Each structure stands twice: as C-alpha cells, then as structure tokens.
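Whenever a hint applies, use it, and build me the whole structure from the sequences.
Now for the letters of each chain:
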Amino acid sequence: MQDLLRRYGTLLTAVFVILTAFWLLALVVLPNFTMLESSFRPYLPVTEIGGPKDVYSFGNYLKFFANSTDTSFLGMTFQMPIHMKIFFLTVWYSAIVTLVTFLITYPLAYYLAKVVNPRTLPSLLLLILIPLWVSEALRAFAWYIILTLNGPLNAVLVGIGILDKPVRWQQGVVTPYDAIMIGLVYTYLFFMLFPIYNAIQSLDTNQIEAAEDLGSPWWRTHLRVILPHAKPGIASGCVMVFMLSAGSLLVPVQLGSPRSLWFTQTIQQWMLEAQDWNTGAAYSLLFLLLCIVFVFAVMRIFKVNLSDIAK
Amino acid sequence: MTKIKPTISRRSFLKSSAIGAGALAAPAIVSTRVLASSGELNFMGWAGYPVLTEKAFPAFEAATGIKVKFTEVPDQDTMFAQGKVAIEAGGVDMAEPTIDRWGGWNSNGLLQPWDASKLAMDNYLPGLADGSAGERSRSGDQLFYVPSNWGTEALVANAEAAKLSNPPSLGDLFSADNQVVLRPHSALAAMGRWLDAQGKLPRPWLDGYSDMAAMTQLWDIALAEAIKAKGNVVQWWSGENEANAGFTANGAVLGLCWDSTGFNLRNDGYKYIAPVEGAFAWHQGFVLMKNAVNAEQAHELAKWVSTAEGAALWATAFSSNPVGKGAGDLLSPDVAAYYAGTFNDEALSKLWWWPEQSADFIAKRGEYADKYKAA
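Taken in order, these protein sequences are the chains called H and U.
The opening residue of the first sequence carries number 1 in this note's numbering; numbering runs sequentially from there.
The opening residue of the second sequence carries number 1001 in this note's numbering; numbering runs sequentially from there.
Don't read these hints as lab results, they were simulated from the structure.
These figures come from a predicted structure and were not determined experimentally.
Pulled from the structure, derived: some chain H residues nowhere near chain U, Cβ distances all over 12 Å:
#, residue
1, Leu11
2, Val28
3, Val100
4, Val116
5, Ile130
6, Glu136
7, Ile292
Below, computed lysine-lysine pairings styled on BS3-like, alpha-carbon distance capped at 30 Å:
#, chain 1, residue 1, chain 2, residue 2
8, U, Lys1290, H, Lys53
9, U, Lys1290, U, Lys1055
10, H, Lys165, U, Lys1228
Backbone N, C-alpha and C define an ideal beta-carbon position, used for all residues, glycine too.
This is the structure we're talking about:
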C-alpha cells in the first residue's frame, strides 16, 4: 500500500483501490452471496414470497439426493439418485477430456518450446491461435455439422469407400459422450497447451542435454527431467480444462446425443424450464463445491500444491 | 425453523423497485385518466412481436378510434408480477396470459369477468372458446378469458420415409421403424396420451396434472415405456433450430414438433400432421383487470381480435394461428394452405389443450425428462 501510494500518488491509488473493491464486492461477492442466500429458500409463487412458507432450509440441496434410478457404470449396476448420476458422469467424462487434452498438448508444447526453430515459432503460434478468434458457439456448431449423419465427415468417408453407410457419430461410437468430448477437447486445448508450453520453456535446455549425455533414453529424460519441471504447468492446465469442461453448457447442448446429459443442463433446466431459481442456485453451488473438492483431491494424489499452480 | 427476513433480497428489491417505478409513473397515469377521452386502452402484452405495434394496433385504431397504450413484458411471470403492481397503481386495463395461467391471476383477485354480450362469441372458430377450452375460460359461469391466438405441437413427418399407421398416431413416434426428433417432456406426455388412448393406463392421463400422486404413478409408466422405445431417437430438440437440424442434418423422418418447424420444412418434403389422438395445443388470450379504467375499450379490442381481420393480424404477429372465423383466408395463401392441410374441423375439435402445470408439476416433469434423457 505504502509502495503504491509512493509510486502513483493518492488519486491513482484511490482509483485502483475503489475499482478493485467494486470488482470484488459488486461482481464477485454480491452475486455469489445472492445465489447462496436464495439457494436456501424455497421456490414460491410471487404471492407467498416473504410469507410464512418463505423460510431457510436445505430442501433445495436435498433434491440432489432424491429420485433413485438404475445406473450402470463399468459393468456394475446399482441404484443412484438421477442427478448424482449425472454429476458423476459429468466429472468422469470431464476427467477423460482433461487426460486426452494433456496427451495431445504435451508433445505439442514440448515441440514448440524446445524443438522448433525459434524463427518459425510465431507463425506456428499464430496458426494455433486463429481458431480462438472464432466464438465458442460457432466452433461447437461446426463440430455438430461435421459429425451429423448428412455431414461432411460421413460424405467423405463414404465417398472414398472407407465406410459402407453413414455413421451417426453424434450418437457416439464408444460412449454416448463421444461428440461432447471431441467438442470439449477442441475448445479447451489451448488452456492446456499454453501453461505447459510456458513451463517447459523455462527449463534450461542444458539439463536435457546433460540427461542425454549421461545416456538417458528419450522417455526417461521426459519422465525424470521435463515432466517434473512442467508439473505446475500441467497442473494448472488440468485444473482449467477440467473446470471449464465440467462447467460447459454450450458444447454439451450442441453436441449431446440422445443418451447424454451434462450437469450444467440439469442446472439450466431448474433455472429456465422449472423457473426454480432457488434449486438452480443450490445445484450450481453444489456443483462448484464438489468440483473443487474433486480438484483438490486429485492435486493431493499427484502431490501438487496450490502455490505451484499460482506460479 | 424460524422465519428470517433479510433486509434486502433479490425479490424484495425487485418488488420494491417495481412499485417505485409504478409510483414514478403514477402522475402520468393520473393525468391521462383526467385528460384522455374514452378512446384509450392500457394493454399489457408480450414483448418481441413488432407486428403488434406496426400493424395490429394501427388497424385497430383505424377500425374503432381507440388508441392502444402498449406495455411490453418479456414473460408470463413478469406479466403476473406487473399485474399485481397494477392492481395497486393502475395503468393496466387488460393483459394477455396463456389459458393455463389466468387462474392464478383470478385467485389473486386481479380480474373481473368479461361481459359476453359486449363480445362476439360466435366469431370464434369451433373448439377455441367453446368445448373444453370454453370450460377452462370460465370460473363458475363467468367468462374470465377469451382467446387471442393459438398454436400446436404435432407430427412432422417426412412424406416419403416416415412409416405412419393409419390414421397417424402418437404411437408412431415410438416405433422402431421411424428415426425421430423429440422434446423430452413432450415425448413423455405423448407416450402417456398414446397409452391412455389404448386403455393401458390405470387412470386417465389428465389426472396427473391435478394430483401429484397420480402424476408420479402415470409418468413412471410412461417413462418406462418411452425408455424401451428410445433407440429410435436421433436428436432432442428444445428450440426451432435443433428441431430443424434433427430432420435436415441428422436424418430424422418423424418428430413431435411445433407447427413452425413443420411450416419451415414444408417445401423439403415434410408434412405437418395432427395425430388421431389430437394435436397438443396451447392457447393465449385476454383477461380484464379488476381495476380497469377502460373496460369498454378492452371489450372492443377482445372483440376485434375475434374478427377475421384482427385475428389474422394477431396470428401473424405471433407466427401462430388465428382464433376468428374467416381469418385463415386473410393470412398469406402459403400459411393458410399449410394450416388448412393439417386442421380440418375434426382435427380442430380434437385439439388437446396443455393443462395447467403447477410449479411442482414442472419440477417433477423435469426430473422425468432427465431420467429419460440419461437412460
């Protein structure tokens, strides 16, 4: 604060402080607090708001645990509340998306950071960035078109004789969530690529050469030298891709099959179709909370600290 | 559990600010009351339908000399909330909710009945203001609601590829022969009505709309049957674009969709067909506020919208169907031919009006839709 005052003077410092306070209070704390408050209240007709039925309770949160339905996962069949099932499926497929994104971006990031000629790097980065200029909605819709029955992918594959008849890619070939995962990997690739690229770039190339000089095969160099160094980048990339995927609404709505359901769609249904903003708020907070718990659990398993990511 | 009243909540803030806005507007309202001749009407209706202000109101003014002061609101809940403000602050003579919602207006003491002698009840097409729709427009023997326009949800079928039974039925949606595009909660209702028509339900499907215990009993059955037949669903729709793409991009041959979907696809080899069980239909219309200052003028507008000209303009504004006899001829020939091709008098009399669906019902319906989607 003293430093700030000395450097920028009273007026500018005041502006900084007021703007930051406005952002924190009006744009972060207040909306979330409103959501938290309304999530504990029942959804009532306009006439009964503030009336005797308008009391705080956990009722909206308990709906998450109601309504059992048959569930089968990896060959096991058991009863599970429908919305909990959708939550677990969302987390499961988001985790797969995160893993696939990592597998695609790690070699790419390594190539960009250490292998490629520095003079061609800007052109390559530009090529990678161009798709980001197109809105997420359009990119999801583009994949919808590509994967539809009468779409270009089927036309090409049937045309050159690889397929006998068109495949319903959007329905999913392996799981009902195939198309959603393709869309999410494509959309959030960059959120993994750049943190890993930054992390690998900061590794002294001499260390890689030293490992090679000492006779380490390429895979051990990656495992022992490069991966550990890139761990904070990988962790922050994973957290971002996972949270963005789990929280995505556009892609699952656009690319979902008749057998897929993303948790955000459930929240949207509470908010818009049922007009029950209170339960919608409860589900949103629950979703945020459970995703954070999941992320922290995974970080604990992989021994990553929050401060590593902040770097 | 104690009742905690927060100092400021979203809703109380909205309410007080809405009342505040009403209070600010009050002088204007008072002055118009004092100054205006009888040729004015304060009408609260739907936002986003510019044909109303561009064509319908000028035509009404030309016909009757009454000037419409239009308050636009985006949705039913806002309309209801504004209605409650207006009962204190004035400024609204009539409003335009849907048929399943005016009961709530009335139980809150916002409405007065229409005087049928000042309207022209014979103007309405059969099935719209009489029959079951007529019963649902009344409380006791008083008429509280008159229709303004209506729309349907029925079968959109590829003329060549869809395999329809004779006559076409809602059951065709659940036949493995047809690749279909559906809206989950409508599909479950269609399954329920199809089972009901075959006498396969323990009690009438309609019971579910008034009794939550009956609802779970009936929807459990419909859900189980619908899940068995789910293999032929190629896409869900929730809006116009998805429904359209389900047919054109994903190759569905049959669907349960809005009339607008059928209309948009009419030149691509698709037909819009009312199933033998009756098409799903919705209905929107006029209610008269209890404190209406311009009740006479309100009757004039309701009556005008039942005439051929008014009904046609109102239907054009909402891209929906007219309520008045003879209005069909005034629509563009394309539209007129399209609707006439689907709804003859028999299909009109069989229309199945969406019953009132309470908040509890819709929440439960959403859970069934989730189970159906995730199965």
